Amino acid sequence: MPIIEFTGVQKSYGDLEVLNGIDLSVAEGEVVVLLGPSGSGKSTLLRCVNALEDVSGGTIVVNGRDPHSKATNLNELRSGVGFVFQHFNLYPHMTVAQNIMLAPVRVKKVSKDAARRRAMELLERVGIPEKADSLPTQLSGGQQQRVAIARALAMDPAIMLFDEPTSALDPEMIQEVLEVMVDLAGSGMTMVVVTHEMGFARKVADRVVFMDGGRVVESAAPDEFFASPSTERAQEFLRRVSHI
Amino acid sequence: MGAIIDNLPFMLAGLWETAKLAALAIVLSSVLGVLAGAMRSARSRFVRWPAIGYIQLIRSAPLIVFILYCYFVLADLGFDLTPFWAGVVALGVFTSAYLAEIVHAGIASVPPGQWEAARASGLSQASTMRDVVLPQALRRMAPALVSEFIKLIKDTSLVSIIGVFEFFHRVEVTNSRLLTEPFAVLGFAAVCYFLLNYGLSRVARRLELRLDA
Numbered sequence: 354m355p356i357i358e359f360t361g362v363q364k365s366y367g368d369l370e371v372l373n374g375i376d377l378s379v380a381e382g383e384v385v386v387l388l389g390p391s392g393s394g395k396s397t398l399l400r401c402v403n404a405l406e407d408v409s410g411g412t413i414v415v416n417g418r419d420p421h422s423k424a425t426n427l428n429e430l431r432s433g434v435g436f437v438f439q440h441f442n443l444y445p446h447m448t449v450a451q452n453i454m455l456a457p458v459r460v461k462k463v464s465k466d467a468a469r470r471r472a473m474e475l476l477e478r479v480g481i482p483e484k485a486d487s488l489p490t491q492l493s494g495g496q497q498q499r500v501a502i503a504r505a506l507a508m509d510p511a512i513m514l515f516d517e518p519t520s521a522l523d524p525e526m527i528q529e530v531l532e533v534m535v536d537l538a539g540s541g542m543t544m545v546v547v548t549h550e551m552g553f554a555r556k557v558a559d560r561v562v563f564m565d566g567g568r569v570v571e572s573a574a575p576d577e578f579f580a581s582p583s584t585e586r587a588q589e590f591l592r593r594v595s596h597i
Numbered sequence: 025m026g027a028i029i030d031n032l033p034f035m036l037a038g039l040w041e042t043a044k045l046a047a048l049a050i051v052l053s054s055v056l057g058v059l060a061g062a063m064r065s066a067r068s069r070f071v072r073w074p075a076i077g078y079i080q081l082i083r084s085a086p087l088i089v090f091i092l093y094c095y096f097v098l099a100d101l102g103f104d105l106t107p108f109w110a111g112v113v114a115l116g117v118f119t120s121a122y123l124a125e126i127v128h129a130g131i132a133s134v135p136p137g138q139w140e141a142a143r144a145s146g147l148s149q150a151s152t153m154r155d156v157v158l159p160q161a162l163r164r165m166a167p168a169l170v171s172e173f174i175k176l177i178k179d180t181s182l183v184s185i186i187g188v189f190e191f192f193h194r195v196e197v198t199n200s201r202l203l204t205e206p207f208a209v210l211g212f213a214a215v216c217y218f219l220l221n222y223g224l225s226r227v228a229r230r231l232e233l234r235l236d237a
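Line order of the protein sequences matches chains Y and S. Going by the working numbering, the first sequence opens with residue 354, and the numbers climb by one from there. Going by the working numbering, the second sequence opens with residue 25, and the numbers climb by one from there.
Chain S on its own, in the form it takes in the complex (with noise of 0.2 angstroms):
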């Protein structure tokens, strides 16, 4: 227990690395989410077919190396990130694609008399989309993204191995070094990352109650 009082400034300060690693890579995701997803949902295959090739890549590869891809390949196009903004790409870019798939399976649920009625108003399909559409799709998605986003949390955990300093990465320093205590240390990391997720579903179930009501 001494070892981890010791060493909780050192751990927590990773700790708040990890939280705005993972609030701005839920950011990214959401928006690139949203809008790959709105993209799957078009009726015209030349906006359809570059949000499904965007979907199929993405998934099909391993975080790990998509970590890897973003901050080693991106740098030798051009793209010199560093290791805290890679990661942010990367799990937000990653994580976007699965939305995406939320997203268009949101869409698709929401009735085509919904689609009708605001388009024989005159509504643009952009409108209709934006204010008829996604509103309900949203509500309705509500728990599967959350779901998302838990696991973003705990995938920032990967970009240790770009070297980002976050909490995962402060926790195996501090069991390297002590060596004799990883059942204190790993204990406090998984109690960590639960606070950490539990926090967020609180916040999202408040969300939907809102929306709800």
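Only chain Y is shown next, with the shape it has when bound in the complex (with noise of 0.2 angstroms):
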């Protein structure tokens, strides 16, 4: 049974159709990157499975329940499910540690000592263990996201949502935070990932989906999509993302 499931949603702003009816699901401990050109839906689509955007047609399943419905405890489906934004959106007024104690103490009633031994022991994970009492501006943009995966692992969450979690970042931080990414992976999350990093892209997914014009062209695993897609719009799409 897959742990997120999508059939038929529809998303669309007046006459704009950003998601056009789609069939994917994603099993537990598969690691999903979303491909595609801008305004191919990719991000809509992340941001539908925890309903920060609602849903025009068509069902979601996450983790066994309906987002979208009103009977479901949204709060607690998204306690549930990480996610990790383009722009960090730390909270500035809180140091890093707080940053990551803030829902554990406040959703799940863990005390703030536990709180922050967890979040002592996540910092050692992304690599940067003393900026635990630094406020986020004080951090590079690289360290910032690797604050928000941290975040969001506070939560113990089944599923990791990345909403191009690198195209903010000056280059030379991309691999910083792609190496929490990998690892992550390598411990068995369940990730569904926007990014236009192709090599994190081959390297770690289970399989590559790309989407255009708000739809799924083509779901493939990462050799075969990358060697030989079987789509048009696909080949176009990589051979413009090569660069030469």
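For the record, the hints were derived by calculation from the structure and aren't laboratory data. These numbers were taken from a predicted model, which means no experiment stands behind them. Backbone N, C-alpha and C define an ideal beta-carbon position, used for all residues, glycine too. You may find that some hints are simply not true.
[As the list claims (entries may be wrong)] Computed Cβ-Cβ distance ranges for the label pairs, DEER-style:
hint, chain 1, residue 1, chain 2, residue 2, range
1, Y, SER572, S, GLY137, 26 to 32 angstroms
2, Y, GLU577, S, LEU233, 58 to 64 angstroms
3, S, ARG67, Y, GLY361, 23 to 29 angstroms
4, Y, SER391, S, ARG69, 30 to 36 angstroms
5, S, GLY223, Y, SER520, 46 to 52 angstroms
6, S, GLY137, Y, SER581, 36 to 42 angstroms
7, S, LEU59, Y, PRO524, 45 to 51 angstroms
8, S, PRO136, Y, ASP368, 21 to 27 angstroms
9, Y, LYS461, S, ASP100, 48 to 54 angstroms
10, S, ILE76, Y, ALA467, 40 to 46 angstroms
11, S, GLY137, Y, GLU585, 33 to 39 angstroms
12, S, VAL55, Y, SER572, 54 to 60 angstroms
13, Y, SER391, S, PRO136, 15 to 21 angstroms
14, Y, ASP368, S, ALA99, 57 to 63 angstroms
Reassemble the complex: the two chains are provided individually, in unrelated frames, and hints are given to aid placement.
Dropping the structure here:
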């Protein structure tokens, strides 16, 4: 049974159709990379998983529950789904440790001491334990994104969603964030990643899903997809992103 | 000058009354203002509309009318407040409407990504507001809030109309009694208000610096 399942998911803003009937399922422990040109609906699809966006039609089942149903306890569903944003969205008025501790303390009612210990473990894992008491503004972009990943992991989510996690970073900081994500994928985490990092997709993904115009155009293992994409649209995309 | 010194204890007793009145009204206006401002920013119109009504209604009345209203009309409705407490309620409620608009603007100035990050981690709407959005909003609003509090301190002079024996009331009594020293007596009053307000801005400035650190 898949941990995330999209069935005929549609999303439109007025006349603009952003998602045009998406059928897709993600198995537990699977790493799925969503590729596609800007405006193809990748980020929107990701944001529908934890109801940061409403859907206009179709259904999504996450961990056995529908995030868009009134009957679902959305806060509880969301606490099991980590989300990493392009622009990190750390809380600027809190220290790094406080950023990581907030949701466990408020939502899971973990004691402050236990939350702090867990925050330190996670900071160790993402390689910046010495920054625990710094403010986000004192960190580089790469460090901020690693804190954001630690913050998401603090809720012990079953699924991690990444929305272009390296797109706002200087090139020399991309590597440090990708390394954390590779480590996470190796630990068996279910991950759905929207990215333009082809190297990451090739090396880490179990499956590449190529989207265009709000549809899933192609879904294949990375070796297969990069070696011989079966659709013309995917071939053209790969030619364009390969730079020369 | 001698006239001021002779009447100093009489007038300064009122200054203490004014400080108490202002402090209580500031607390009341802050609680109501943050509440109404947060409600004004809510997505649900059933929460938002009452807040908008409250703000519009209160802002449309002149303060002096509002003060008289709180004293006489509330008494008719069965809330028999002393002049002092009627003054606290009038000033507190009146100022809260202005604070609410500032709080609303402050909340709107917090980037949507902050809401999304908090909600995505499973935080409730209320916790997101309290832990993530309001602390950032209040920091941006601090200078505007201090301005409103300074206005409130000056406006305490108006509650002399319902017989609160605060500072300005005593200044007026002193002035009428002496008749010959308006420059000295009113000048003294102006200096006292200046010191009160300057003190408030200094305290506020220090708080702001602490928040920024």
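Hint check:
The hinted range of 26 to 32 angstroms is satisfied by SER572(Y) and GLY137(S), whose Cβ atoms lie roughly 30 angstroms apart. For the hinted restraint 58 to 64 angstroms between GLU577(Y) and LEU233(S), the CB-CB distance of approximately 60 angstroms keeps it satisfied. Separated by about 28 angstroms at the C-beta atoms, ARG67(S) and GLY361(Y) satisfy the suggested range of 23 to 29 angstroms. In this structure the supplied range 30 to 36 angstroms holds for SER391(Y) paired with ARG69(S), their Cβ-Cβ distance being about 35 angstroms.
One distance hint, 46 to 52 angstroms for the beta-carbon pair GLY223(S) and SER520(Y), holds here, with the actual separation near 50 angstroms. For the pair GLY137(S) and SER581(Y), the beta carbons lie near 39 angstroms from each other, so the given range of 36 to 42 angstroms is met. Distance hint check for LEU59(S) and PRO524(Y): the Cβ-Cβ separation is about 47 angstroms, which falls inside the suggested range of 45 to 51 angstroms. Separation of PRO136(S) from ASP368(Y) is about 24 angstroms and conforms to the stated range, judged on CB atoms against 21 to 27 angstroms.
For the pair LYS461(Y) and ASP100(S), the beta carbons lie near 52 angstroms from each other, so the given range of 48 to 54 angstroms is met. At roughly 43 angstroms, the beta carbons of ILE76(S) and ALA467(Y) sit within the given window of 40 to 46 angstroms. Distance hint for GLY137(S) and GLU585(Y): a CB-CB separation of about 37 angstroms, consistent with the stated range 33 to 39 angstroms. The hinted range of 54 to 60 angstroms is satisfied by VAL55(S) and SER572(Y), whose Cβ atoms lie roughly 55 angstroms apart.
Between SER391(Y) and PRO136(S) the CB atoms are about 20 angstroms apart, so this pair conforms to the stated range of 15 to 21 angstroms. The beta-carbon spacing between ASP368(Y) and ALA99(S), approximately 60 angstroms, falls within the hinted interval of 57 to 63 angstroms.
Checked against the numbered hints given earlier, the structure satisfies every one of them.
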